[in-house]
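Enquirer: Here are the chains, one letter per residue:
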Amino acid sequence: MSDMISLIFITIGVVFDLFGCIGLIRLPDVYNRLQAATKSVTLGTCSILFGLFIKYGFSAIGMKALIAIPLLFFVSTVAAHALVQGSYKFGIKLWGKTVIDDYKDVKK
Amino acid sequence: MIISILLYILIGLSFCCFFRVVFGPSIADRMVAIDIFGILVVGICGLLVLITGRLFLIDIAIAWILLSFIGTITLAKYLTGKKLDE
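Chains as they are written, first to last, in our numbering: chain A, 10 to 117; chain B, 24 to 109.
Just so you know, these hints were derived from the structure itself, not from any lab.
Check the hints yourself; a few may be wrong.
[As the list claims (entries may be wrong)] Only pairs whose alpha carbons sit at most 20 Å apart, straight line, appear in this in silico EDC-like list of lysine to aspartate or glutamate: (1) A:Lys98 - B:Asp52; (2) B:Lys100 - B:Asp52; (3) A:Lys48 - B:Asp82; (4) A:Lys73 - A:Asp114; (5) A:Lys102 - B:Asp52; (6) A:Lys98 - A:Asp114; (7) A:Lys106 - A:Asp38; (8) A:Lys98 - A:Asp38; (9) A:Lys106 - B:Asp52; (10) A:Lys73 - B:Asp52.
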């Protein structure tokens, strides 16, 4: 039973990773790529680790997988935020069809 | 069997990230691809734990999260134009 539930979680995680990498290939801009890829890939990998925790229970390896989940959440979002700010300050252009740019007013 | 197929899918996705690293138009695209690759490797390590049953692979996954974070923060700081010890 726990094998089945963990396999369902791992499959959901791999599907989210697939969508994130399709977004990484297909989208036109750095910022679009990053908001598509980082969120869904982080959620997919956390789902894989949660499936690992369900499979192994409260043993050493399951607890390490459970600890790695909030670590991955915080670390990945902070890294993505720093990357967006850095690439904006480096002067990388937005996509041509971008509607609104609020950060331009914040910087001055 | 199903887990092996999922592992092959994840390895193919990491090659997609490698495509973006090679053909990315700007430097930020390459850094985004490296960041995503670092997260995908954690999932690959999790699936390898299920296949092989080795306990040390989850430790490698946790260490890879931290090293990927440090590398991405360093590259982002390089992009903002600051020195690395600033």
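Enquirer: Take the hints in turn and mark each one as holding or not.
Expert: Status of each hint after checking the structure:
For the hint linking A:Lys98 to B:Asp52, the alpha-carbon distance of about 15 Å falls within 20 Å, and the restraint holds. With a CA separation close to 15 Å, the supplied pair B:Lys100 and B:Asp52 stays within the 20 Å bound. With a C-alpha separation of about 23 Å, the suggested pair A:Lys48 and B:Asp82 falls outside the 20 Å cut-off, and the hint is violated. Our distance criterion of 20 Å between C-alpha atoms is broken by A:Lys73 and A:Asp114, whose separation comes to about 43 Å.
Proposed proximity of A:Lys102 and B:Asp52 is supported: the alpha carbons are some 12 Å apart, at most 20 Å. Taking the CA atoms of A:Lys98 and A:Asp114, the gap is about 13 Å. The hint holds against a cut of 20 Å. A C-alpha spacing of about 10 Å is found between A:Lys106 and A:Asp38, which places the hinted pair at or below 20 Å, so the restraint holds. For the suggested pair A:Lys98 and A:Asp38, the alpha carbons sit about 16 Å apart, so the restraint of at most 20 Å is met.
At roughly 19 Å between alpha-carbon atoms, A:Lys106 and B:Asp52 fall within 20 Å of each other, so this suggested pair holds. Our distance criterion of 20 Å between C-alpha atoms is broken by A:Lys73 and B:Asp52, whose separation comes to about 32 Å.
When each numbered hint is compared with the structure, violations occur for hints 3, 4 and 10.
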